[in-house]
Amino acid sequence: MRAEIPVREAFQLHCSGCHGSDGRGRAGFVPDLRALAPLVATQGGREYLVRVPGVAQAPVGSASLARLLNYVLAELAGVEEFEAFRAEEVERLRRAPLLDPVGARPIPRRP
Amino acid sequence: MSGFDEGFERLTRGLARRTSRRSLLSRFGALLVGAASVPLLPVARASGETPPAPSDAPRVPAPVEDVPGDAGDPTKCEYWRHCAIDGFLCACCGGSATACPPGTEMSPVTWIGTCQNPADGKDYVISYNDCCGKGFCGRCGCNRNEGDRPEYHWYRSNDINWCAGAKSQAYHCSVALVVGRATEAQPEQ
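Residue numbers (the numbering used here), protein chains in the order written: chain U, 1 to 111; chain W, 1 to 189.
Hints may contain errors.
Claimed, not checked - Derived pair list, reagent style SDA-like, types lysine to any residue, alpha-carbon separation capped at 20 Å:
1. W:Lys-167 / U:Asp-32
2. W:Lys-167 / U:Ala-27
3. W:Lys-122 / U:Glu-4
4. W:Lys-167 / W:Pro-101
5. W:Lys-76 / W:Cys-140
6. W:Lys-122 / U:Phe-29
7. W:Lys-122 / W:Tyr-79
8. W:Lys-167 / U:Gly-28
9. W:Lys-76 / W:Ser-96
10. W:Lys-167 / U:Phe-29
11. W:Lys-76 / W:Lys-167
12. W:Lys-122 / U:Ala-3
13. W:Lys-122 / U:Val-7
14. W:Lys-167 / U:Val-30
15. W:Lys-122 / U:Pro-6
16. W:Lys-76 / W:Cys-92
17. W:Lys-134 / W:Gln-169
18. W:Lys-167 / U:Arg-24
19. W:Lys-167 / U:Pro-31
20. W:Lys-122 / U:Glu-9
21. W:Lys-167 / U:Arg-26
22. W:Lys-122 / U:Gly-28
To be verified - Cβ-to-Cβ under 8 Å is the rule here; a few derived chain W residues that face chain U:
23. Pro-108
24. Val-109
25. Ile-112
26. Val-125
27. Gly-180
28. Ala-182
29. Glu-184
Hints were generated in silico from the structure; no laboratory data involved. Glycine included, C-beta positions come from ideal geometry on N, C-alpha and C.
Build out the structure end to end from the sequences listed, making use of the hints.
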């Protein structure tokens with residue numbers, strides 16, 4: 001089994017192309033990862049974070065995906081307290097990707 | 001015939017004697033060409049460029065500067081950073097391997113790949129940002145595609161017009177920014 005690449009590098013490869021190296025995204029086009037704190041605070045939000053297609057279909061194993069999510073929440077979104085994602089939870093949730101991500105958003109879109 | 005009419009007749013007959021129709025056409029043609037070339041003057045083009053972006057502007061990746069032995073010719077498709085590019089090289093279009101030509105905007109969204117630097121044998125993460133706001137550059141087309149993925153795997157695909165995230169969706173050329181070290185090439189393979 002190959003060693004894991006550093007999580008920062010995995011973020012660069014799999015996330016930063018659209019969300020940017022600081023997770024800022026692009027207003028009205030790519031979501032801002034720094035604003036995820038309210039999302040991870042609810043169960044529906046946690047599930048959304050894993051089931052949204054860009055996450056669920058990322059070409060990485062579920063352990064790596066859990067590590068990426070925890071990195072984004074802790075380092076980029078600055079969420080101080082949250083239940084860290086584990087591989088089993090990610091594996092289960094990503095098997096049911098959202099077919100209508102916009103309709104499933106647990107928090108309203110900002111105008 | 002009034003004095004006014006006689007005077008005007010002398011004027012027009014004199015003009016007809018002194019000038020030919022060919023002369024008139026050539027002068028009119030020069031006027032047309034001159035008017036058409038006004039927008040090509042540097043002053044006119046500079047005024048047409050977009051003003052500097054405000055501080056809230058979308059960020060583009062911060063390139064890594066200290067890449068060892070980062071030599072080579074960025075105007076060549078064979079340049080190591082171009083291992084996964086598909087487009088026109090900005091170094092041939094008035095920009096460089098890391099900077100967009102004047103008058104274009106670097107796309108804030110892009111696709112990411114890895115390339116091996118022959119100088120140290122190590123892999124680097126490369127951000128292929130498109131430069132947007134002008135039509136096709138048309139010079140130094142380069143299509144190498146190492147690690148390129150189908151478009152349904154959009155953020156690892158170089159067939160997408162990444163200017164979709166810029167103010168103008170007109171694609172001009174592509175840069176290749178080194179944004180970090182890669183532990184290994186194409187880790188998902």
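Hints versus structure:
1. At roughly 18 Å between alpha-carbon atoms, Lys-167 (chain W) and Asp-32 (chain U) fall within 20 Å of each other, so this suggested pair holds.
2. About 12 Å separates the Cα atoms of Lys-167 (chain W) and Ala-27 (chain U), which keeps this hinted pair within 20 Å; it holds.
3. A distance of roughly 17 Å separates the Cα atoms of Lys-122 (chain W) and Glu-4 (chain U); the hinted pair therefore holds under the 20 Å criterion.
4. A distance of roughly 16 Å separates the Cα atoms of Lys-167 (chain W) and Pro-101 (chain W); the hinted pair therefore holds under the 20 Å criterion.
5. A hinted pair counts as satisfied when its Cα atoms are at most 20 Å apart, and Lys-76 (chain W) with Cys-140 (chain W) qualifies at roughly 7 Å.
6. Distance restraint check for Lys-122 (chain W) and Phe-29 (chain U): the Cα-Cα separation of roughly 34 Å exceeds the 20 Å cut-off, and the hinted pair is therefore not satisfied.
7. Under the criterion of a C-alpha separation no larger than 20 Å, the hint pairing Lys-122 (chain W) with Tyr-79 (chain W) is consistent with the structure, at around 15 Å.
8. Between the alpha carbons of Lys-167 (chain W) and Gly-28 (chain U) the distance comes to roughly 12 Å, so the proposed pair stays at or under 20 Å and holds.
9. For the hint linking Lys-76 (chain W) to Ser-96 (chain W), the alpha-carbon distance of about 11 Å falls within 20 Å, and the restraint holds.
10. Between the alpha carbons of Lys-167 (chain W) and Phe-29 (chain U) the distance comes to roughly 12 Å, so the proposed pair stays at or under 20 Å and holds.
11. A distance of roughly 29 Å separates the Cα atoms of Lys-76 (chain W) and Lys-167 (chain W); the hinted pair therefore is violated under the 20 Å criterion.
12. Using a Cα cut-off of 20 Å, the hinted pair Lys-122 (chain W) and Ala-3 (chain U) holds, with the two alpha carbons roughly 17 Å apart.
13. Our distance criterion of 20 Å between C-alpha atoms is met by Lys-122 (chain W) and Val-7 (chain U), whose separation comes to about 18 Å.
14. With a C-alpha separation of about 14 Å, the suggested pairing of Lys-167 (chain W) with Val-30 (chain U) holds against the 20 Å cut-off.
15. Taking the CA atoms of Lys-122 (chain W) and Pro-6 (chain U), the gap is near 16 Å; set against the 20 Å cutoff, the hint holds.
16. A hinted pair counts as satisfied when its Cα atoms are at most 20 Å apart, and Lys-76 (chain W) with Cys-92 (chain W) qualifies at roughly 9 Å.
17. Using a Cα cut-off of 20 Å, the hinted pair Lys-134 (chain W) and Gln-169 (chain W) holds, with the two alpha carbons roughly 9 Å apart.
18. A hinted pair counts as satisfied when its Cα atoms are at most 20 Å apart, and Lys-167 (chain W) with Arg-24 (chain U) qualifies at roughly 17 Å.
19. Distance check on the hinted pair: Lys-167 (chain W) and Pro-31 (chain U) sit about 17 Å apart at the alpha-carbon level, within 20 Å; holds.
20. Note on Lys-122 (chain W) and Glu-9 (chain U): the hinted pairing holds, with a Cα-Cα distance of about 14 Å set against a maximum of 20 Å.
21. Taken as a hint, the Lys-167 (chain W) and Arg-26 (chain U) pair is honoured in the structure, with Cα atoms around 11 Å apart against an allowance of 20 Å.
22. The straight-line distance between the Cα atoms of Lys-122 (chain W) and Gly-28 (chain U) is roughly 37 Å, outside the 20 Å bound, and the hint therefore fails.
23. The beta carbon of Pro-108 (chain W) comes within 5 Å of a beta carbon in chain U, closer than 8 Å, and the hint placing it at the interface holds.
24. The interface hint given for Val-109 (chain W) holds, since its Cβ lies 5 Å from the closest Cβ of chain U, which is under the 8 Å cut-off.
25. Because the smallest distance between the Cβ of Ile-112 (chain W) and any Cβ of chain U comes to about 4 Å, under 8 Å, the interface hint for this residue holds.
26. For Val-125 (chain W), the shortest C-beta to C-beta distance to chain U is roughly 5 Å, which falls under 8 Å, so the interface hint holds.
27. Checking Gly-180 (chain W) against chain U by beta carbon gives a least distance of about 5 Å; that is within 8 Å, so the hint holds.
28. At its closest, the beta carbon of Ala-182 (chain W) sits 6 Å from a beta carbon of chain U; the interface hint therefore holds under the 8 Å criterion.
29. Taking 8 Å as the C-beta cut-off, the interface hint given for Glu-184 (chain W) holds, the closest approach to chain U being about 7 Å.
In summary, the numbered hints that this structure violates are 6, 11 and 22.
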